[in-house]
Amino acid sequence: MTDIFNVLSPGAYTTVQDLGRFGWQRFGVPPSGMLDDFAGRIANMLVGNPDTAALLELTFSGPALKILAPATIALTGADMPFSINGAPAAGWCAVPVQPGDTVTVGMAKSGCRGYLAVSQGIDVPLVMGSRSCYVGAAIGGFKGRPLQAGDCLRRGSGEAGHPARRVPAALVPAYPSEITLRAIPGPQDDFFDHGLDVFFNAWFTVSPQADRMGCRLQGPVISQVEGMPQSIISEPSLPGGVQIPQDGQPIILLSEQTVGGYTKIATVISSDIWRVAQALPGDRIRFERIGIAAAHTLYHRQASLLERIRREMKLPEAGQRSGRDAPHPAAVDWDSPEVVDKLIHCLYQT
Amino acid sequence: MGAVVVNRQGFDRPKFRLAGDRGLLVEFGDAIAPEINQTVRAMTFALETAAVPGVREVIPTYRSVVVVYDPLTTNPSLLEPRILSLYGGTARIETPPPKESVIPVCYGGEYGPDIAFVAEHNHIGIDDVIRLHSEPCYPIYMLGFSPGFPFLGGLSEKLHTPRLTSPRTRVPAGSVGIANNQTGIYPIASPGGWQLIGRSPVRLFDPERPNPFLLSAGDTLRFEPITPDEYRRLAVGGQDD
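From first to last, the protein sequence lines are chains A and B. Numbered per this note's numbering, the first sequence spans residues 9 to 358. Numbered per this note's numbering, the second sequence spans residues 1094 to 1334.
Hints were generated in silico from the structure; no laboratory data involved. Keep in mind that this is a model prediction, so the values were computed, not measured. Where a beta carbon is used, it is the ideal one built from N, C-alpha and C, also for glycine. Where hints are given, some of them may not hold.
Claimed, not checked - For each label pair, taking beta carbons as the anchor points, the in silico distance ranges come out as:
1. E1228/B to E296/A: 49 to 55 Å
2. R319/A to E1173/B: 34 to 40 Å
3. R1224/B to M9/A: 51 to 57 Å
4. P289/A to P1303/B: 40 to 46 Å
5. R1302/B to D205/A: 46 to 52 Å
6. A77/A to P1146/B: 41 to 47 Å
7. R1224/B to P133/A: 41 to 47 Å
Unchecked claim - Only part of the chain A face toward chain B is listed, based on derived beta-carbon distances under 7 Å:
8. Q33
9. G36
10. V132
11. M136
12. A145
13. V267
14. Y270
15. Y307
Given only the sequences and the hints, what does the whole structure look like? Please build it.
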């Protein structure tokens, strides 16, 4: 284990996350983990890490870090200004760094959460099978809390994988300020009648009360069927559940929520949770009704899109190929408009 | 709907609800009742024993289970018939006997600053609060809210007390409280609005232990009054808040 960086300034809210802590929700421990796992997985792929490696999740604004050992880093997710020793660096791209370098990540221009991966992953103790920070219970991550100036983090001791080159610009997700989320009605959709029409037709605005527990929206009041109880017997909530409290303003529950007693009108599909993770206060959200079969088709497609990107990432960098620009026979040709169109189709039209 | 009534307060047959594309909620009734929770317990046990392909986690609640599944492996049309067939056997299923945990509690004083309010609100003495609270064997219906926090049934009606009008910003770990008809223990220090009547030196949650949780849904719990001296002795090397 090697010290990898010192935190000069932590950014607004920076935590160590991996894919999450699963299997403990029956004991009241929510999954936690990277909220935008699409961007997070790609950051790990870029630096040659397995999906399970821990990285930094940045919120609104990023940290300034003093690098202590040679490494490869990659920043994905929200569009945040990114520089090394003051010189701009590219996001969605593997970037080598050397001891003494200062890495600075600024305020998000679009999107809300950035993912900064470092080769071999960030090494913090595994807590109940995961390195994810759950601030609510002060477990996981770096000392169970967001990073602070002066913290010194280590990286894993595993063998460094092959860093990839970059994600083509056309494949980098856009984080627009108007977002459509696909959602499956339920589990308590029968508590609503007209309320469902309002929910699936109106625009809502993301309020400033948006964190890893949930994202509170403002919009037209969603009312329940007259005479139905305002609350249910408390039950576990899963990420994506849209809770309607008594004021009729929806809350999209995320990965640090365990139980609740409000009715849930619908559940945002897994393939769209990353869009919630990237929504900023003031952004507008609408919900589109989708059935379970269609949602599962999208789930499969997103998994195969990631697999496809991963296969491409495993190939050596362009500069290291035998004979510059001689494409690997099995390579996806990132620069072919046809291929890129196909992948974009997978990413956006899914 | 079939005419077979499985139990008086439960549904005739389980009700399935979609909790997104990774969760299936299976409800067995619409009340907090030991009979319904026994079905929850039996179903949780049956699902875990059956090791149904694609099931990632089974979360028991007061009156339902949430089945978390992998959509790459399974889906509700495969899961529902499987769950129904397991449900058919739950009346006969032998669940392991509930484990009873005894939780030592130092009532009143600095550990239970609201015990006098609870006594006054219910027109009883502080001794009565301690006796009524430590008498029953409480069923643990569900864990949640914070890691290892038990949702208990069976609080004496003579102890029902509303929440504080203004929640405390920090309730120490181990605090035992009352909120309306519920009683519980705070496993970790957190903000909270429950009336605090005592504190336990026992750690309900310790992520460093091989089994981080002392309590499980479906088990039972009893409170045992201890003196401040016993609290301090038990707390050495144990609870820190």
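Range hint 49 to 55 Å: satisfied by the CB atoms of E1228/B and E296/A?
Distance hint for E1228/B, E296/A holds at roughly 54 Å.
Hint V132/A vs chain B: min CB-CB distance below 7 Å?
violated, 13 Å
Please verify that hint: Q33/A, Cβ, nearest Cβ of chain B, below 7 Å or not.
Result: holds, 5 Å to nearest chain B Cβ.
Does V267/A meet its interface restraint, that is, does its C-beta lie within less than 7 Å of any C-beta in chain B?
holds, 4 Å
Has the hinted range 40 to 46 Å been met by the Cβ atoms of P289/A and P1303/B?
With a Cβ separation near 42 Å, P289/A and P1303/B satisfy 40 to 46 Å, so the hint holds.
Take the shortest C-beta to C-beta distance between A145/A and chain B; is it under 7 Å?
holds, 5 Å
Grab the minimum C-beta distance from Y307/A to chain B and call the hint holds if it beats 7 Å, violated otherwise.
holds, 5 Å
Going by Cβ atoms only, is Y270/A closer than 7 Å to chain B?
Violated - the Cβ of Y270/A stays beyond 7 Å from chain B, reaching only about 14 Å at its closest.
In this structure, is the beta-carbon distance linking R1224/B and M9/A contained in 51 to 57 Å?
holds, 55 Å
Does the interface hint hold: is M136/A within less than 7 Å of chain B, judged Cβ to Cβ?
Given a least distance of 6 Å, the restraint on M136/A holds.
At the C-beta level, are A77/A and P1146/B separated by a distance inside 41 to 47 Å?
The hinted range 41 to 47 Å holds for A77/A and P1146/B, with Cβ atoms some 43 Å apart.
If I claimed the Cβ atoms of R319/A and E1173/B lie 34 to 40 Å apart, would that claim hold in this structure?
36 Å Cβ-Cβ, so the 34 to 40 Å window holds.
Checked against the numbered hints above, the structure violates hints 10, 14; every other hint is satisfied.
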